[in-house]
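S.K.: Those sequence lines, one after another, are chains L and R. With my numbering as the guide, the letters of the first sequence map in order to residues 45 to 233. With my numbering as the guide, the letters of the second sequence map in order to residues 365 to 541.
Treat each hint with caution, since some may be false.
In the DMTMM-like style, the derived pairs of lysine to aspartate or glutamate whose C-alpha atoms are separated by at most 25 Å in a straight line are [as the list claims (entries may be wrong)]:
#: 1; chain 1: R; residue 1: Lys437; chain 2: R; residue 2: Glu368
#: 2; chain 1: R; residue 1: Lys522; chain 2: L; residue 2: Glu89
#: 3; chain 1: L; residue 1: Lys182; chain 2: L; residue 2: Glu89
#: 4; chain 1: R; residue 1: Lys400; chain 2: R; residue 2: Asp367
#: 5; chain 1: R; residue 1: Lys522; chain 2: L; residue 2: Asp61
#: 6; chain 1: R; residue 1: Lys471; chain 2: L; residue 2: Asp95
Every beta carbon over 12 Å from chain L, so not counted as near; a handful from chain R, in silico [said to hold, decoys possible]:
#: 7; residue: Glu368
#: 8; residue: Ala369
#: 9; residue: Leu370
#: 10; residue: Phe372
#: 11; residue: Tyr373
#: 12; residue: His374
#: 13; residue: His398
#: 14; residue: His399
#: 15; residue: Lys400
#: 16; residue: Val402
#: 17; residue: Asn404
Which stretches of chain L does chain R cover? Using the computed rule of at least three CB atoms under 8 Å from a CB of chain R, they are [to be verified]:
#: 18; stretch: 68-76
#: 19; stretch: 79-91
#: 20; stretch: 113-126
#: 21; stretch: 133-143
#: 22; stretch: 171-181
#: 23; stretch: 187-195
FYI, nobody ran anything at the bench for these hints, they're computed from the structure. Glycine is no exception: its CB is placed at the ideal position from the N, C-alpha and C atoms.
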Amino acid sequence: MIPSSPTSETHPPSLVDLALTFNHIALASFGGGLSAWSREVIVVEKKWMTDEEFLSALTMCRILPGANQVNMAVFVGTKFRGIPGAVAAAFGLTFIPVVIILVLGYGYFRYNSVPALQSVLKGAAAAAVALTFSMAIKTGQKCLRGAVPLLLFVATFILNGVLRWPLFAVLAMVAPLALLWAWPRKEAK
Amino acid sequence: MKDEALNFYHILILFSSLSLLSIGGGNSVIPEMHHKAVANYHWMTDKQFADIFAISQAAPGPSILIVTLVGYKAAGIPGAILATVAMMLPAGILVYLVTCFWQNAEKSPIRHAIEKGFAPLTVALVLASGYVMSKAAGHDWRAYLLTAACTAICTFTKINPLLIVAAAGFIGWMGWV
Numbered sequence: 045m046i047p048s049s050p051t052s053e054t055h056p057p058s059l060v061d062l063a064l065t066f067n068h069i070a071l072a073s074f075g076g077g078l079s080a081w082s083r084e085v086i087v088v089e090k091k092w093m094t095d096e097e098f099l100s101a102l103t104m105c106r107i108l109p110g111a112n113q114v115n116m117a118v119f120v121g122t123k124f125r126g127i128p129g130a131v132a133a134a135f136g137l138t139f140i141p142v143v144i145i146l147v148l149g150y151g152y153f154r155y156n157s158v159p160a161l162q163s164v165l166k167g168a169a170a171a172a173v174a175l176t177f178s179m180a181i182k183t184g185q186k187c188l189r190g191a192v193p194l195l196l197f198v199a200t201f202i203l204n205g206v207l208r209w210p211l212f213a214v215l216a217m218v219a220p221l222a223l224l225w226a227w228p229r230k231e232a233k
Numbered sequence: 365m366k367d368e369a370l371n372f373y374h375i376l377i378l379f380s381s382l383s384l385l386s387i388g389g390g391n392s393v394i395p396e397m398h399h400k401a402v403a404n405y406h407w408m409t410d411k412q413f414a415d416i417f418a419i420s421q422a423a424p425g426p427s428i429l430i431v432t433l434v435g436y437k438a439a440g441i442p443g444a445i446l447a448t449v450a451m452m453l454p455a456g457i458l459v460y461l462v463t464c465f466w467q468n469a470e471k472s473p474i475r476h477a478i479e480k481g482f483a484p485l486t487v488a489l490v491l492a493s494g495y496v497m498s499k500a501a502g503h504d505w506r507a508y509l510l511t512a513a514c515t516a517i518c519t520f521t522k523i524n525p526l527l528i529v530a531a532a533g534f535i536g537w538m539g540w541v
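For reference, chain R alone in the conformation it holds in the complex:
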């Protein structure tokens, strides 16, 4: 019983601190999370961590939900819920405060400058994330061809993107990529 309480305490402390450390997105704290979950707390093996990372990347929703599975392995469903909330709440509060400031600064020059000046940077970061994603997924030439075709369809037609994802999933299922 005491061990269990200690386990919950570890989950709470680990994920609420990772929440505030995850600058630049959830993936930036994956190495630290891996170290703690595998080497420090022995919640899972190396291979299990790698596998749940893959599951969380592929499953719908934010990929940060890997913490749900780490919490689940550490302490069952209550652990899963605690880990998820602990990971979202501290950063969420910070975003809330910044958003309030942002909404109040509607007419200020700094907001104008950020909206206009950051747009080219954001487009570049979005493009970079697509590029990095395709490299991480180990795209070969067939996958790149599929990506190119889907990009063209998405950009130049009004076909529902969900259909495009479903069709591409089907193509994968048939083993064509």
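Extracted from the complex, chain L is given alone in its bound form:
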């Protein structure tokens, strides 16, 4: 069974804490890899959520409409501080990035060229992909034990990553099997 989550429910983070944390996540994700950064900060550094809770929230945020990372900020903010928390986290995630992108956009529309950062970005993007892979390895080590989860994992990766099926088609195939496998049984304590 999943151990009861040792999250900081007793001392929920303050609104300022939420805003600053999501701002930190957003700024760190230069070149991409925002999901990996969210896990790094929320699960590893701050210990606000367990891996199980984080992963299931991430999939929920993908299924629901809206940008995944904005949804994740709303989820975490709501969990700790209700509506004000959701607003603080979403604001923290987007405020400085909005300012940065407006500066970049202003420069672009004014001078009609993409800022000369392309080569830096190429390197940073390779690292962002690496962070994403590394997150898959780290979380996979914990939850891919046994033949059934491994099979679910491989099927999902092939359908979504290789064959590029849309998310909903993939989940329509795999999610019922996953739920059937994971549904708590009486005898399994």
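Let chain L serve as the given structure and place chain R on it in line with the hints.
M.R.: Positioned in the frame of chain L, the structure of chain R alone reads:
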């Protein structure tokens, strides 16, 4: 003046509806956004849309902030702010409601089953997104080598990932990838 009000109205309607249509993430509505911004409202050219897409992918923060730049081109800073809020609010309200339900269902079998059963799926989706990202970025063998090295460092050491991204950015700046 009337045109300006109409412009704001278009921004509000377009992005708040895209917000609720963006199932599976912001990138799923990019084709529709492109069509409206370029062909319907003539806010920008094809090439400009492609360029701000690239900027929004690379800039820190959620890549959905492409809407900030579409709004900016359509109606200046107020347009940028309106587009950003319109894109975030409807979906955000929905997530809020689902989260409330989720927090109340702490002990229910459905929550247990989702947390346990969806974990392998999520790991696969994360891996798939990394794989798709590397293909979209046009990785050649040197970029894959850099990715492999960074993955190993990230997985097996406790080095701050920020340093790894910075080092990889430097390697890119030197023109080695």
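S.K.: Just double-check R:His398 for me: nearest Cβ-Cβ distance to chain L has to come out over 12 Å.
M.R.: Holds, since 16 Å exceeds 12 Å.
S.K.: Confirm or reject the coverage of the stretch 133-143 of chain L by chain R under the rule of 3 or more residues with a beta carbon closer than 8 Å to the chain's beta carbons.
M.R.: As far as the stretch 133-143 of chain L goes, the hint holds, because 6 residues have Cβ atoms under 8 Å from chain R.
S.K.: Grab the minimum beta-carbon distance between R:Ala369 and chain L and tell me whether it stays above 12 Å.
M.R.: holds, 22 Å
S.K.: Sort out whether L:Glu89 lies within 25 Å of R:Lys522, counting only the CA atoms.
M.R.: Measuring from Cα to Cα gives roughly 12 Å; hence the hint holds.
S.K.: Are all beta-carbon distances from R:Asn404 to chain L longer than 12 Å?
M.R.: holds, 20 Å
S.K.: Would you check the hint for R:Lys471 and L:Asp95, treating anything up to 25 Å between C-alpha atoms as holding?
M.R.: holds, 17 Å
S.K.: Three residues minimum, CB to CB under 8 Å: does the stretch 187-195 of chain L make the cut for coverage by chain R? Let me know.
M.R.: Coverage by chain R holds for the stretch 187-195 of chain L (4 residues, Cβ < 8 Å).
S.K.: Taking C-beta pairs only, is R:Leu370 more than 12 Å away from all of chain L?
M.R.: holds, 22 Å
S.K.: Can we confirm that no CB of chain L comes within 12 Å of the CB of R:Phe372?
M.R.: Correct as stated: the minimum Cβ-Cβ distance to chain L is 17 Å, above 12 Å.
S.K.: Quick check: do three or more residues in the stretch 171-181 of chain L have a beta carbon closer than 8 Å to a beta carbon of chain R?
M.R.: holds (count 11)
S.K.: The output says R:Glu368 does not contact chain L. Does that hold with a beta carbon cutoff of 12 Å?
M.R.: At about 18 Å from chain L, R:Glu368 clears the 12 Å cut-off, so the statement holds.
S.K.: According to the definition I'm using, a residue is off the interface if its beta carbon is farther than 12 Å from all beta carbons of the partner; does R:His399 meet that for chain L?
M.R.: holds, 18 Å
Figure legend: structure checked against the earlier numbered hints; every hint is met.
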